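Input sequences plus hints: build the corresponding full structure.
Just so we're aligned: 17 in UniProt numbering is position 17 of the sequence shown, and the numbers increase by one with no gaps anywhere.
Quick caveat, the hints were computed from the structure, so don't treat them as lab data. Since the structure is predicted, the reported quantities are computational estimates derived from the model, not experimental observations. Backbone N, C-alpha and C define an ideal beta-carbon position, used for all residues, glycine too. There's no promise every hint is true.
Unchecked claim - DSS-like cross-link-like pairs, simulated, lysine-lysine; straight-line CA separation at most 27 Å:
1. K40 to K29
2. K64 to K112
3. K83 to K112
4. K82 to K40
5. K29 to K96
6. K29 to K126
7. K126 to K116
8. K83 to K116
9. K139 to K96
10. K83 to K40
11. K87 to K40
12. K139 to K29
13. K82 to K96
14. K96 to K116
15. K40 to K139
16. K40 to K116
Said to hold, decoys possible - Restraint-style ranges between C-beta atoms, simulated for each label pair:
17. T78 to L23: 28 to 34 Å
18. S121 to Y25: 32 to 38 Å
19. E59 to H15: 19 to 25 Å
20. A26 to D97: 31 to 37 Å
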Amino acid sequence: MLIEEHKEGIFMPNHLDNQLCFLLYATSKEIIRHYTSLLKPYDLTYTGYITILALEENEQITVKELGQRLFLDSGTLTPLLKKLEAKGYICRERSKDDERQMQIYLTEEGNKVRRKLPEVSRQVMKQSNISEQQFIQLKNVLQDIIHNDWALKDKN
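Rendered as structure tokens:
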């Protein structure tokens with residue numbers, strides 16, 4: 001039972017299993033654990049995986065834009081990018097328009113790996129044991145939470 005209730009049926013807001021943050025944290029850890037196992041053959045971590053997905057969406061992107069897209073700070077992103085570059089999955093180049101900016105893009109090897117990754121997502125979905133409709137509903141709710149949080153930050 002996800003929403004714990006008191007013996008008399010009263011909602012207990014301070015119960016750990018009723019904390020949205022805890023449920024998101026625990027779910028995230030479980031999902032990432034599944035991804036980690038499935039990504040081993042590609043020598044990718046979960047953050048490496050989402051980096052490749054972001055680069056698939058944007059053929060060239062700056063380090064700053066990538067960090068914003070992935071919610072990663074530069075202290076986490078820079079070592080990650082160095083590892084992906086050492087594996088030959090990405091290339092980093094100074095922007096021709098603005099030498100202060102680094103452009104990142106997938107290499108041929110990175111694109112080979114990227115083409116194999118949809119199967120990883122399918123396997124995680126299968127292991128999650130939720131329907132496509134439930135997935136879409138959950139995704140929409142989570143996106144609403146993210147967008148609502150951004151809207152609040154913009155007002156402050």
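Results for each hint:
1. K40 to K29: Measuring from Cα to Cα gives roughly 17 Å; hence the hint holds.
2. K64 to K112: holds (25 Å)
3. K83 to K112: holds (17 Å)
4. K82 to K40: holds (18 Å)
5. K29 to K96: At roughly 40 Å apart (the allowed maximum being 27 Å), K96 and K29 break the hint.
6. K29 to K126: Distance ~17 Å between K29 and K126 Cα, so the pair holds.
7. K126 to K116: Holds, because 17 Å separates the two Cα atoms, which is no more than 27 Å.
8. K83 to K116: holds (19 Å)
9. K139 to K96: Status violated; Cα separation ~37 Å.
10. K83 to K40: Holds. K83 to K40 sits at ~15 Å (cutoff 27 Å).
11. K87 to K40: Answer holds: K87 to K40 is near 14 Å, not above 27 Å.
12. K139 to K29: Cα-Cα ~17 Å, so holds.
13. K82 to K96: holds (21 Å)
14. K96 to K116: violated (31 Å)
15. K40 to K139: Status holds; Cα separation ~26 Å.
16. K40 to K116: Given pair K40, K116 holds - Cα atoms ~13 Å apart, limit 27 Å.
17. T78 to L23: 28 to 34 Å: Once the Cβ atoms are compared, 31 Å apart, the range 28 to 34 Å for L23 and T78 holds.
18. S121 to Y25: 32 to 38 Å: Hint violated: Cβ distance 21 Å, outside 32 to 38 Å.
19. E59 to H15: 19 to 25 Å: violated (47 Å)
20. A26 to D97: 31 to 37 Å: violated (44 Å)
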